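Each chain is listed here by its residues.
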Amino acid sequence: MNPFSSGTRLRDMIRAIRACKTAAEERAVVRKECAAIRAAINENDQDYRHRNLAKLMFIHMLGYPTHFGQMECLKLIASPGFPEKRIGYLGLMLLLDERQEVLMLVTNSVKQDLNHTNQYIVGLALCALGNICSAEMARDLAPEVERLLQFRDPNIRKKAALCSIRIIKKVPDLAENFINPVAALLKEKHHGVLITGIQLCTDLCKVSPEALEYFRKKCTDGLVRTLRDLVNSPYAPEYDIAGITDPFLHIRLLKLLRVLGQGDADASDAMNDILAQVATKTESNKNAGNAILYECVETIMSIEDNGGLRVLAINILGRFLSNRDNNIRYVALNMLMRAITVDAQAVQRHRSTILECVKDSDASIRKRALELVYLLVNESNVKPLTKELVDYLEVSDQDFKGDLTAKICSIIEKFSPEKIWYIDQMLKVLTEAGNFVKDEVWHALVVVISNASDLHGYTVRALFRALQTTAEQESLVRVAVWCIGEYGDLLVNNAGMLNVEDPITVTESDAVDVVESAIKRHASDLTTKSMALIALLKLSSRFPSCSGRIKDIVVQHKGSLVLELQQRSLEFNSIIEKHQNIRSALVERMPVLDEASFGGRRASSLPNTVSTSNGTAVKLPNGVAKPSAAPLVDLLDLSDDVPAPSSSGGDFLQDLLGVDLAPATQSEGTSQAPKAGTDVLLDLLSIGSNPAQDNSVSTPDILSSAQDHKPAIASLDVLAAPSLTQASSSTASNMMDLLDGFTPAPPKPANNGPAYPSIVAFESSSLRLTFNFSKQPGNPQTTTISGTFTNLSSNVFTDFVFQAAVPKFLQLHLDPASGNSLPASGNGTITQSLKVTNSQHGKKPLVMRLRIAYKVDGKDVLEEGQINNFPRDL
Amino acid sequence: MIRFILLQNRQGKTRLAKYYVPLEDSEKHKVEYEVHRLVVNRDPKFTNFVEFRTHKVIYRRYAGLFFSLCVDITDNELAYLECIHLFVEILDHFFSNVCELDLVFNFHKVLVLP
Chain V
1 MNPFSSGTRL RDMIRAIRAC KTAAEERAVV RKECAAIRAA INENDQDYRH
51 RNLAKLMFIH MLGYPTHFGQ MECLKLIASP GFPEKRIGYL GLMLLLDERQ
101 EVLMLVTNSV KQDLNHTNQY IVGLALCALG NICSAEMARD LAPEVERLLQ
151 FRDPNIRKKA ALCSIRIIKK VPDLAENFIN PVAALLKEKH HGVLITGIQL
201 CTDLCKVSPE ALEYFRKKCT DGLVRTLRDL VNSPYAPEYD IAGITDPFLH
251 IRLLKLLRVL GQGDADASDA MNDILAQVAT KTESNKNAGN AILYECVETI
301 MSIEDNGGLR VLAINILGRF LSNRDNNIRY VALNMLMRAI TVDAQAVQRH
351 RSTILECVKD SDASIRKRAL ELVYLLVNES NVKPLTKELV DYLEVSDQDF
401 KGDLTAKICS IIEKFSPEKI WYIDQMLKVL TEAGNFVKDE VWHALVVVIS
451 NASDLHGYTV RALFRALQTT AEQESLVRVA VWCIGEYGDL LVNNAGMLNV
501 EDPITVTESD AVDVVESAIK RHASDLTTKS MALIALLKLS SRFPSCSGRI
551 KDIVVQHKGS LVLELQQRSL EFNSIIEKHQ NIRSALVERM PVLDEASFGG
601 RRASSLPNTV STSNGTAVKL PNGVAKPSAA PLVDLLDLSD DVPAPSSSGG
651 DFLQDLLGVD LAPATQSEGT SQAPKAGTDV LLDLLSIGSN PAQDNSVSTP
701 DILSSAQDHK PAIASLDVLA APSLTQASSS TASNMMDLLD GFTPAPPKPA
751 NNGPAYPSIV AFESSSLRLT FNFSKQPGNP QTTTISGTFT NLSSNVFTDF
801 VFQAAVPKFL QLHLDPASGN SLPASGNGTI TQSLKVTNSQ HGKKPLVMRL
851 RIAYKVDGKD VLEEGQINNF PRDL
Chain B
1 MIRFILLQNR QGKTRLAKYY VPLEDSEKHK VEYEVHRLVV NRDPKFTNFV
51 EFRTHKVIYR RYAGLFFSLC VDITDNELAY LECIHLFVEI LDHFFSNVCE
101 LDLVFNFHKV LVLP
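Protein sequences appear in the order of chains V and B.
Residues in the first sequence are numbered from 1 upward in steps of one, following UniProt numbering.
Residues in the second sequence are numbered from 1 upward in steps of one, following UniProt numbering.
Source of the hints: derived by calculation from the structure; they are not laboratory data.
Incorrect hints may appear among the rest.
Claimed, not checked - Restricting the straight-line Cα-Cα distance to at most 25 angstroms, the calculated cross-link-like pairs of lysine to any residue (SDA-like) are:
no., chain 1, residue 1, chain 2, residue 2
1, V, Lys169, B, Met1
2, V, Lys170, V, Pro80
3, B, Lys45, V, Asp403
4, B, Lys45, V, Asn115
5, V, Lys170, B, Pro22
6, V, Lys844, V, Asn795
7, B, Lys109, V, Lys401
8, V, Lys401, B, Met1
9, B, Lys28, V, Leu62
10, V, Lys170, B, Arg61
As the list claims (entries may be wrong) - Among the chain B residues that face chain V by a calculated CB cut under 8 angstroms, a handful are:
no., residue
11, Lys45
12, Glu77
13, Val104
Stated by the list, open to error - Sample of chain V residues with no beta-carbon within 10 angstroms of chain B, all distances over it, derived:
no., residue
14, Pro154
15, Asn287
16, Tyr294
17, Asp362
18, Ala363
19, Ser364
20, Lys401
21, Glu763
A quick note: this is a predicted structure, and the numbers were derived from the prediction, not measured.
Glycine included, C-beta positions come from ideal geometry on N, C-alpha and C.
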């Protein structure tokens, strides 16, 4: 016999498949088998149908497509025999899910089966229904299932209860029907039915608040009694697991009590005794016992406050924490996180254990413990906790370091009692794990440093020392380079020593060495190098003796392939060489950054755009420039608005030279490569035209329309005026170019309506019509057009009539013309005024059809045309 | 709420899969693959609970088979561990000293159980 005919027994097929050595072989076998099955289906083979379906299910489990078997399932379900029905329902559950439409066809069969006399068949149907019924099926069959909830056989009742759970999940409206039968179920003796009844009850309460009320009033006592009996019951062999009678029932009861007791004081009172009893009596050396205790603790935490119980619960959790079994510890950590909101004091007691858990080898436990520690930190214990965490940072794994660093940084930031401690800790973190520290964090550090003016000396020395030891961490290098640049003189003079410090001697060249090595390091990225360059500039002013050497270093980057570095190098070089007189003014101490406004920086921050100089008119949206500029702008306090992520030479200028610009004008930047020194040069070249300089530096704020437009207009005026020096006009043109990139329309002065260009509406060999537009300021939809007709030919036109037609969304009103005779060759014109109202203003432009009739030498001439070139925003 | 039950061997073949939430076939395969990867690499010293997407997977290893249960975040994990053990004991009783092959050849009987 052909081994692959439909006569193959299931076992043989499985054996054949397992005997295949390669995937290709297996696929071949499966394909043959599927073909045989398909043939059998087509022939409507009765005998082997269930066998075929079983084979199909196996194939499905292996992962092959088996849609052709779905109708077979239906036929099998419809057949009268039990084995067929069983396989049919099984196939239904496996091969279909609730989203398939085929399911609808089954509804009738299922209904009949639910009413069958054979209770096993009823059971089958209930099972299948419980697994995959859809909302419509649920609605249809709910009354049957309800009836079955009171069936005589407990197994059927159990299955019916399970099915009902699914029904009310799918169709919550039907929940009311089930309330009464469920109340009866809760009094069952049979554990199976009881468990399912309780689960049904729990779900009912979740779905419908009336059910919740009902059960709360009527059934709480009953449930408490049941639980008590259960706890006190003697050894019952059929329900025993590890010495405890039916822990599953325990757990479900506790869960239901939790749902009932949540938010309701009376119910909670009723439960207190039994909860206490469960908590104390249950043995915890076995997993089952622990499971019950866990559920009990969760219930205690959720119901209304009862001090004694809560203490009990937290003690249990403490015991869990010191358990050797990882599972238990994990569970305890989870629960403690929830308990903290309730009673933080008690949890603090277990702090040391929790800290131990942070160092555990198991990743899940570590993560949980870390989160818990984070929640536990407050002002009193922040110092020792942070110390522990930072120590651990040194030995933790790479993947954990990221999380740990982030948490430590936020702890430090939130709870630091004094600045010096903050700086210390951050330095430690940076030394260990600077690469994981996010940008905002070290920016914040810089802000704090600049604010703590008495600590400047201390900070810069500490950073110097740190850099000596390790130079691997990028963020550390960046912060150090910035500080050395700013406070280099403090470093060398050992100024502002605190008594906890050891004196170190640092010469100027040492400081320059350090910064130079930062630049030269291969691993330094763009931000670091740029920061180092500007630090060198600052140092060249503070340490004049090293100026030459610094210049050499800076010049090395003249030919750098990276635009940012090249630009900085060139500019700084020229400052060092040619502009010593202003250099010291340029690189004075940064003003203290306002922490509050720094903290508030977010999406509203607008970067400044700065125009270029040296002929390098760069308008590139330069993503590279952004990070390098970030530190600078963050450090620069813009007058009111929050600092922005790309630098502005303009504000640099303001701060340094004390220029006071009244509105904080900024403009949107797709960041140009911003440079610090550029406006210096601008300023240099346009010295003497102070207002122009101010305005040329301030760029109009396109986005804040609430602001006064005057400076913007002023700057535009200034830009237009030819009296500016060359540099500022190049600035101007660049800025105009900038502006073009953003919003097309410049801000409008409030007096007249905007000006629209006039158009030549119609032109033929003998006639030209020009339109001039104007709008009333308050009425954007109506345009007044003044049309001018010019005669291009050498004949006079007489009886000149102009007609116009417009589409439906426009309204046209023609005023009488100034005359109807048009002199020749443009010696005179006829003007006519039209008013057009555009009901689709902004959406559709104006269009118009013309007809012009006139007489030339007694002959009639007619000209027609269409005007399409109206300005778009009329 | 249980989302699915998976029985997988160490090589990643799924011996039994019962889903209580609707999923496409391709999604089911993805899920089975991911759960297997997650579970097979865990040290026995680690906890039996892993986070998986937005749910939890509670697993236990019996000989060469991994029994994995995917549940909601808020469920009691220890109770489900007991469930798994109960299931294994039932299988044992049903097949008298069950082994993996029993499950393979009699999958249709096993499927009715959970």
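* Asked: Which hints from the list above does the structure break, by number from lowest to highest?
  -> Of the numbered hints, 2, 4, 6, 7, 8, 10, 15, 16, 17, 18, 19 do not hold.
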